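Protein chains: 2
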Amino acid sequence: MARMIRPLANLYEQLRRLPGIGSKTAMRLAYHVIDMPAEDVKQLAAALSGAKEQIHYCSRCFNLTDSDVCEICRDSSRDSFTICVVEQPQDIAAMERSHGYHGLYHVLHGVLSPLDGIGPEKLRIRELLLRLQQESVSEIIIATNSDVEGEATATYLAQLLKPVGITVSRIAHGLPMGGDLEYADEITLSKALENRRTM
Amino acid sequence: MARMIRPLANLYEQLRRLPGIGSKTAMRLAYHVIDMPAEDVKQLAAALSGAKEQIHYCSRCFNLTDSDVCEICRDSSRDSFTICVVEQPQDIAAMERSHGYHGLYHVLHGVLSPLDGIGPEKLRIRELLLRLQQESVSEIIIATNSDVEGEATATYLAQLLKPVGITVSRIAHGLPMGGDLEYADEITLSKALENRRTM
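Residue numbers (the working numbering), protein chains in the order written: chain S, 46 to 244; chain V, 46 to 244.
Hints in this document: simulated from the structure, not taken from any laboratory.
As the structure is a prediction and not an experimental result, all values here were calculated from the model.
Among the clues, some could well be false.
Identical copies look the same in the list; a pair holds intra-copy or inter-copy alike.
Derived DSSO-like pairs: lysine-lysine, alpha-carbon spacing no greater than 27 Å straight-line [what the hints assert, rightly or not]:
| no. | residue 1 | residue 2 |
| --- | --- | --- |
| 1 | LYS236 | LYS167 |
| 2 | LYS207 | LYS87 |
| 3 | LYS207 | LYS69 |
| 4 | LYS236 | LYS207 |
| 5 | LYS236 | LYS87 |
| 6 | LYS167 | LYS207 |
| 7 | LYS69 | LYS87 |
| 8 | LYS167 | LYS87 |
Construct the complete structure from the given sequences, taking the supplied hints into account.
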């Protein structure tokens with residue numbers, strides 16, 4: 046082919062825009078789609094449109110949901126006095142997989158990043174403060190990532206929330222369980238020393 | 046989330062079925078789609094359906110096309126006396142990129158693979174024989190891959206086509222251009238020796 050036929054080129058361009066999909070993968074996927082049964086392609090296209098149309102943010106905690114309020118906020122057996130603040134809905138999924146937390150969540154949908162023009166007003170911080178007025182919360186656990194932006198966001202939130210008179214905590218950082226001391230990076234190791242506990 | 050919400054789980058399952066997309070990539074892509082602008086998701090879904098609906102096989106050479114006959118078969122400036130036989134439409138794209146071939150093609154859509162139940166009747170071999178009756182062809186270049194199935198298919202085709210009285214050739218195998226002798230694998234090197242040419 047001197048040039049790719051239009052529908053193929055179009056599909057390639059669209060796939061190419063997805064994160065982590067390079068030009069070779071996009072091309073391989075495009076040819077695969079053409080070889081797929083028509084019914085399967087229809088289902089894939091419908092799954093894409095369906096996910097985008099039906100999923101939105103929980104009006105209370107901004108987790109992903111297909112109803113007004115998400116499953117976790119609706120679950121009356123959960124401890125509603127504790128809110129865990131995370132960056133993204135994916136982080137809730139990770140926390141839930143640990144089975145170690147039974148409170149509620151609040152999704153910021155990002156982190157403070159002045160260089161990218163993301164200030165506090167672009168995150169769901171105002172909505173968090175509003176929740177603290179409306180709900181009786183005794184502890185906020187900040188579970189943003191431990192990179193520069195995540196730490197800055199945690200510090201910002203702690204300073205903002207302390208005057209409200211609520212316990213603000215940060216998830217612990219240290220050596221991962223089962224991890225070898227020998228292979229731990231320096232920052233994790235110094236953090237693990239700093240956060241040592243008496244036995 | 047105790048369990049994933051349905052539209053997200055559905056999208057994840059669909060993405061998971063694509064080749065080379067593992068569970069982590071599928072999950073990352075699913076969350077990305079939910080974050081994409083609605084218009085972009087619509088375009089991606091339309092590109093998938095569009096490619097599947099509009100692309101079919103060229104009635105002459107079984108290349109991919111969105112018309113009845115593909116661009117290459119329609120191009121009267123090409124040498125119609127030579128047919129290059131390839132496994133997949135992707136192989137035509139690779140050949141065209143080399144700018145070294147100006148004849149026509151024929152796509153088998155597979156290779157002989159008795160273990161997978163793929164015999165000659167499942168490939169476009171009957172259609173190739175039909176073309177030889179209808180068109181005036183002087184040479185068939187077999188450009189199937191150089192793996193076991195590709196070689197077996199090439200041998201089968203050569204035996205089938207020789208009685209027809211047409212020159213049957215096989216693309217050369219040897220050291221890749223710019224490749225170091227030191228790093229060539231044994232099979233390529235012995236093939237390169239076997240196919241040596243007097244200078």
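Each hint tested on the structure:
no., hint, result
1, LYS236 <-> LYS167, "neither (30 Å within a copy, 63 Å between copies)"
2, LYS207 <-> LYS87, "neither (52 Å within a copy, 44 Å between copies)"
3, LYS207 <-> LYS69, "neither (51 Å within a copy, 37 Å between copies)"
4, LYS236 <-> LYS207, "within (23 Å within a copy, 74 Å between copies)"
5, LYS236 <-> LYS87, "neither (50 Å within a copy, 46 Å between copies)"
6, LYS167 <-> LYS207, "within (21 Å within a copy, 72 Å between copies)"
7, LYS69 <-> LYS87, "both (23 Å within a copy, 23 Å between copies)"
8, LYS167 <-> LYS87, "between (36 Å within a copy, 26 Å between copies)"
Of the numbered hints given earlier, the model fails hints 1, 2, 3 and 5; all others are met.
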